[in-house]
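Student: Using the hints provided, position chain B relative to the given structure of chain A.
The primary structure of each chain is shown beneath.
2 protein chains.
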Amino acid sequence: MPLTRTPLLAETVRKLVARGAYVNAYKILNRLHPSDIAAILGDLSEHLRRDTFNTLYQRNLTLASEALAELGPERGALILSGMSAQEISAILQELDPDDAADFVADLPDELQEQILGAMREKEASEVEDLLQYPEQTAGRIMSPKVFSLDEDTTVAEAIQSLQAAGDLEMVFYIYVVDEHGNLVGVLSLRQLLLKRPETTLKDIMETDVIRVTTDTDQEEVSQLVASYNVLAVPVVDVQNKLVGVITVDDVIDVIKEEATEDMYRLAGLDTDERVFTSPRTSFKKRVPWLVVNLVTAFFAALVVSQFEDVIAQFALLAVFMPIVPGMGGNAGNQTLTVMVRGIALGELSWANSRKALFKELLVGLLNGILIGLLVGAVAFVWKGNPLIGGALCLAMIGNLLVAAIMGTLVPLTLRWMKVDPALASSVFVTTATDVTGFLLFLGLGTFFLARF
Amino acid sequence: MPLTRTPLLAETVRKLVARGAYVNAYKILNRLHPSDIAAILGDLSEHLRRDTFNTLYQRNLTLASEALAELGPERGALILSGMSAQEISAILQELDPDDAADFVADLPDELQEQILGAMREKEASEVEDLLQYPEQTAGRIMSPKVFSLDEDTTVAEAIQSLQAAGDLEMVFYIYVVDEHGNLVGVLSLRQLLLKRPETTLKDIMETDVIRVTTDTDQEEVSQLVASYNVLAVPVVDVQNKLVGVITVDDVIDVIKEEATEDMYRLAGLDTDERVFTSPRTSFKKRVPWLVVNLVTAFFAALVVSQFEDVIAQFALLAVFMPIVPGMGGNAGNQTLTVMVRGIALGELSWANSRKALFKELLVGLLNGILIGLLVGAVAFVWKGNPLIGGALCLAMIGNLLVAAIMGTLVPLTLRWMKVDPALASSVFVTTATDVTGFLLFLGLGTFFLARF
Chain A
1 MPLTRTPLLA ETVRKLVARG AYVNAYKILN RLHPSDIAAI LGDLSEHLRR DTFNTLYQRN
61 LTLASEALAE LGPERGALIL SGMSAQEISA ILQELDPDDA ADFVADLPDE LQEQILGAMR
121 EKEASEVEDL LQYPEQTAGR IMSPKVFSLD EDTTVAEAIQ SLQAAGDLEM VFYIYVVDEH
181 GNLVGVLSLR QLLLKRPETT LKDIMETDVI RVTTDTDQEE VSQLVASYNV LAVPVVDVQN
241 KLVGVITVDD VIDVIKEEAT EDMYRLAGLD TDERVFTSPR TSFKKRVPWL VVNLVTAFFA
301 ALVVSQFEDV IAQFALLAVF MPIVPGMGGN AGNQTLTVMV RGIALGELSW ANSRKALFKE
361 LLVGLLNGIL IGLLVGAVAF VWKGNPLIGG ALCLAMIGNL LVAAIMGTLV PLTLRWMKVD
421 PALASSVFVT TATDVTGFLL FLGLGTFFLA RF
Chain B
1001 MPLTRTPLLA ETVRKLVARG AYVNAYKILN RLHPSDIAAI LGDLSEHLRR DTFNTLYQRN
1061 LTLASEALAE LGPERGALIL SGMSAQEISA ILQELDPDDA ADFVADLPDE LQEQILGAMR
1121 EKEASEVEDL LQYPEQTAGR IMSPKVFSLD EDTTVAEAIQ SLQAAGDLEM VFYIYVVDEH
1181 GNLVGVLSLR QLLLKRPETT LKDIMETDVI RVTTDTDQEE VSQLVASYNV LAVPVVDVQN
1241 KLVGVITVDD VIDVIKEEAT EDMYRLAGLD TDERVFTSPR TSFKKRVPWL VVNLVTAFFA
1301 ALVVSQFEDV IAQFALLAVF MPIVPGMGGN AGNQTLTVMV RGIALGELSW ANSRKALFKE
1361 LLVGLLNGIL IGLLVGAVAF VWKGNPLIGG ALCLAMIGNL LVAAIMGTLV PLTLRWMKVD
1421 PALASSVFVT TATDVTGFLL FLGLGTFFLA RF
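Residue numbers (our numbering), protein chains in the order written: chain A, 1 to 452; chain B, 1001 to 1452.
Just so you know, the hints here were simulated from the structure itself, not pulled from any lab data.
A few of these clues could be false.
Using 16 Å as the maximum straight-line C-alpha spacing, the simulated EDC-like pairs for lysine to aspartate or glutamate come out as follows [what the hints assert, rightly or not]:
| no. | chain 1 | residue 1 | chain 2 | residue 2 |
| --- | --- | --- | --- | --- |
| 1 | A | Lys-145 | A | Asp-129 |
| 2 | B | Lys-1383 | A | Glu-308 |
| 3 | A | Lys-256 | B | Asp-1249 |
| 4 | B | Lys-1256 | A | Asp-43 |
| 5 | A | Lys-256 | A | Asp-237 |
| 6 | B | Lys-1355 | A | Asp-43 |
| 7 | B | Lys-1256 | A | Glu-308 |
| 8 | B | Lys-1256 | A | Glu-261 |
| 9 | A | Lys-122 | A | Glu-94 |
| 10 | A | Lys-256 | B | Glu-1257 |
| 11 | A | Lys-355 | B | Asp-1043 |
| 12 | A | Lys-256 | A | Glu-74 |
Next up, chain A with everything else stripped away, as it sits in the complex:
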């Protein structure tokens, strides 16, 4: 969230709260957009952030709630953690039910009950309904406030209903339902303007409605919205009853979240972690991945261990030991990243995977030859030993081919097994390039040095 519109005001607010002038800071914040306020709050230290938010909360509950929603559950939770259940529920009942559900879901169970108990009944039950759906599904991220009309409504009546509908900010489409509440059609606001007032919706609506069910994965929802260029997608239950709507602004959040997830998983990070997750939590979340990598590092050590006697004789081997597996790891990571992103963007599937593998093998071979010759030449010039150079060159070619194969097949196989390809691919790929890298270099090195 760059403060493109308000950098000077943000600076002023920071200075004011730094010297405790919260009321003056409030006077500025009160004139800003909620997302500008969120950006300013996000940049403050925890202590100042909480105090600034409190000032805002006491003077303008609606604005405070909106700013909190923009801040998001991760960063907002720190603010809420200092408040009573009563205060929290006063804020959350101002939010859209889907935003409120995001916050509530992150709280401890006991506090959840207290807060929902203290909220107005209508808002509490909306939030409770959403919380029944699993995380990352359409049901969980939808807004239950969906604007729908009966199929027998006329255009004139529809326009009147729109005018009467109060706080529905993002109405782009009018969903049309039959007498059972089942979704039967859609039309855009603009289409309403083009038709005669007495026409009924049933005669002008589009009946082929792009829809999702409550259990559709949020990633699929976002791909659907992105593919079909729609601004909102209606959510129906198993009986095709219209129960909610997911708008494009939520989809943008999902797209960002899914991209973060892929990047994080490639690096062995838990998807919930952020820059300012507490050190304790970060430690607990990162250490398992490091332990998994440690196990694979011991595989590599086991390989090297087989060559201990040779290394004692030719210590020169140890000098060049890190190079082949290191380069294999880099090349494997390049291939892997292209594949994982290709799968996420829907460009790669089993159907066209043979072509992808063939391509990666060719690239691996070309890279292997070039890098192999280069590293062999440098080793020869540096240490005056052509045998080490030859072993390095051949091992490099072999290892870059392994990197190409594993980098392509591991993510495809994981996906075929219905595991997120970003999740565990890099462990397998790195283990393969490490083990074969050491094996090839030390094996070839032993062979060359012993024979010639």
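Tutor: Coordinates of chain B only, in the frame set by chain A:
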């Protein structure tokens, strides 16, 4: 692009084109949404894709153009490469100018001129105008077809103009301009419905319009749209004259593109590469990064080289050599990924970087102690040598602290130097963890083994 809506039809089309029944395949494609067609085309082999597209092109030019736009310039270019300039221009003039500009920009200069020359004059000049703006700026990705009305227009006249406006699919906002064409206000379609017909726009418009200029970076545009939850943002020139509009569907493309860019840069990939980029191009794009990594690998080798004599004496050192730098690399990569994503999402800045560094140091220390004790214990049990274990443990703690420092400071420094933090960070971080990892482990190992 998952074929959630049409998996069976897609399969049928694939079978039909595989046995050359293009006309039958066309009959199915003709009933599908352009993005479904694009998804099917994307899954075909190059040869079949071109032939299928040709059949579609000859029978339904509009649909073919729309499908091509959905396919995007990278994958669409392969199709166009087999066509004449005449044919290409017939397709491109059907597209929205911003989509057409995307395709034209990727073509060789000479072909660009031929194609623009063969297009209808109006469309050609719209595309030429867009091409004057640098890539990845608002001017380049905007649509010049923006719906605007004079501030003295009444609500009734505005509704009439909307009804008359033909092919403007995504009208969400009406931008209001003064007599010089300068942007002075905005109102939503829905607001029009709420007001009396004789009201002039000037009296009901919102004057604080979120806008960007033609040279605004596309990443900033996407952050703006995401932050303020708007569906479109108007683009003005330096004189504040309204020249275009960027809609949320384009913003979604930008968000995906920028996420791909960050993932790719972390892995040392060129941002233009895709799964099916030609092997030759992929080779040329990947090899420079591998060479850069090779140079850093030689730094590591240089460090090891200083310990050649010790290794000749204690070859056991070589067995455990890969572990410390490897784990340092993994930990550094975790920190780096959190920071790069934090910067991209606007959560991390210089202002709060001290806090981030302190946190990472603490996490690095905890991880270092735990992993260090673990690796030391395993080494002791395996090889019965407590000295190697001690050296491993201390070196691990030191190296994970280095990983924390470098993982945090390198991306922040690059950003401060106005370089994309994702671009070169991992080289610096890996070099640091490799060099200090070998130095610490071999140094401590030498010290311990020689003394005790």
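Student: Determine for every hint whether it applies to the structure shown.
Tutor: Structure-based check of each hint:
{"no.": "1", "hint": "Lys-145(A) <-> Asp-129(A)", "result": "12 Å, holds"}
{"no.": "2", "hint": "Lys-1383(B) <-> Glu-308(A)", "result": "12 Å, holds"}
{"no.": "3", "hint": "Lys-256(A) <-> Asp-1249(B)", "result": "14 Å, holds"}
{"no.": "4", "hint": "Lys-1256(B) <-> Asp-43(A)", "result": "26 Å, violated"}
{"no.": "5", "hint": "Lys-256(A) <-> Asp-237(A)", "result": "26 Å, violated"}
{"no.": "6", "hint": "Lys-1355(B) <-> Asp-43(A)", "result": "11 Å, holds"}
{"no.": "7", "hint": "Lys-1256(B) <-> Glu-308(A)", "result": "49 Å, violated"}
{"no.": "8", "hint": "Lys-1256(B) <-> Glu-261(A)", "result": "13 Å, holds"}
{"no.": "9", "hint": "Lys-122(A) <-> Glu-94(A)", "result": "12 Å, holds"}
{"no.": "10", "hint": "Lys-256(A) <-> Glu-1257(B)", "result": "11 Å, holds"}
{"no.": "11", "hint": "Lys-355(A) <-> Asp-1043(B)", "result": "11 Å, holds"}
{"no.": "12", "hint": "Lys-256(A) <-> Glu-74(A)", "result": "14 Å, holds"}
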